[in-house]
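Enquirer: Chain E is fixed; fit chain W onto it per the hints.
Residue strings, one per chain:
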Amino acid sequence: MRNPVMVGDRVYLRPLEVQDAEGIAGIDAVETDTFMWRGPMPSSPLGHEKWIAKLYEHLPPTEIVFAVCLKEADRFVGLVGVYGIDLVNRVGETGSFLGPAEVRGKGYGTEAKHLLLEYCFDHLHLHVLQSFVLETNTRSSAALAKQGYRHAGRIKWADVKNGRYVDGNVYDLMRHEWVAARAAWLQSRTAGLTSQ
Amino acid sequence: MRIVYLTGEHVYLRPLVIADKDSASAWHPGPFLMGAAQAEKVLKDEGAGAARRLALVRSQTDEIVGSVKLTSNDGFRRCWVTFHMAPSTIDCDALRAEALRLIVRWLRDQMEVMVVSVEVAGDEEETIAAAAELGMVLSARLREFVSRAACRVDRLTYQALNPRWEVKDA
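Residue numbers (the working numbering), protein chains in the order written: chain E, 1 to 196; chain W, 1001 to 1170.
Chain E on its own, in the form it takes in the complex (with noise of 0.2 Å):
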């Protein structure tokens, strides 16, 4: 591992580095998910480059993004960060990204997610976050629930897919919602090793 932050069974994060630029790259340009916004785009590590050294001009920052690594083969596999977060009221927003296809569907990504919102809540100590998403992600808004998230509006009109504009789904998160879902998630996966 290389200089790990928060440290899970399978997964572990670390801050983001310049030389995740092409890796970032490389996940957008495979991707074959359409769900997420409007479609597959293609994207240059000059344009992330700049983008994560901007991620550490700013004190206190306003978004923190750690790179998800696997532990086995220290393999970079995604994103996961909170964002406009904001120190006074102590909230924040959290985005997550994971890649390529065939390392979704491994459980990778919730416990990257649970180790973010450990960060959240128990190193920023931060009261509450949201998350959006649009309402054709069905994935991330049932991941969302899985994690504790509540349901807390629909934003109308948020942006353009299937040649209509459709809503997007906002999610809150409080701290022992948090701490209930992931207790459920390690019962589950405890559960899931017993019944093998």
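Simulated from the structure, these hints should not be mistaken for laboratory data. Fair warning: there could be bad hints in the mix.
As the list claims (entries may be wrong) - Straight-line alpha carbon distances no greater than 25 Å define the calculated PhoX-like cross-link-like pairs of lysine-lysine that follow:
1) K1069/W x K1044/W
2) K1044/W x K50/E
3) K146/E x K106/E
4) K1041/W x K50/E
5) K1041/W x K1069/W
6) K1041/W x K54/E
7) K71/E x K106/E
8) K54/E x K1069/W
9) K146/E x K71/E
10) K54/E x K1044/W
As the list claims (entries may be wrong) - DEER-style ranges, computed between Cβ atoms:
11) P1087/W x P42/E: 20 to 30 Å
12) I1090/W x G192/E: 57 to 67 Å
13) H1010/W x R10/E: 58 to 68 Å
14) T1071/W x E135/E: 47 to 57 Å
Unchecked claim - Pulled from the structure, derived: some chain E residues nowhere near chain W, Cβ distances all over 10 Å:
15) E17
16) L46
17) E49
18) A73
19) G107
20) G153
21) K156
22) S188
Even for Gly, the Cβ is constructed at its ideal location relative to N, Cα and C.
Expert: Here is chain W on its own, set in the frame of chain E:
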């Protein structure tokens, strides 16, 4: 020269100018301090940027009592309105409510903006009443999202949907 955009009974809106660097606490958001030199840089940077921040000014005294930031990433088809009220302003809820009436009518009814969104703290009663009066809908409620001196309150998102936009299948 005073460039006034919208005028209400007690407040008017105007673009920020370099001279406003001396009253940054009134228009710059957040509780942290900003001196004139830094404020001048912010004014120049923001002036060259895509978002627009307008000064919210008390008509009677020409004193800046806050600011409103208009953000759009699609050429003002959809627009987010963000208020900041000067910490020294006592009647900020009433002034913000009046400004919201001016801004929503301007953006929705004249500028043909499709949807105007604003975030309001749950205890800003006059602003909430103005949003309801304007026909804005409550789209989201984030629990305990705003910190107050001795408590926390929800943050509400109100949206003004322009009925002149027909949204297929929406």
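Enquirer: Of the hints stated earlier, which fail here?
Expert: 11, 14, 20 and 21
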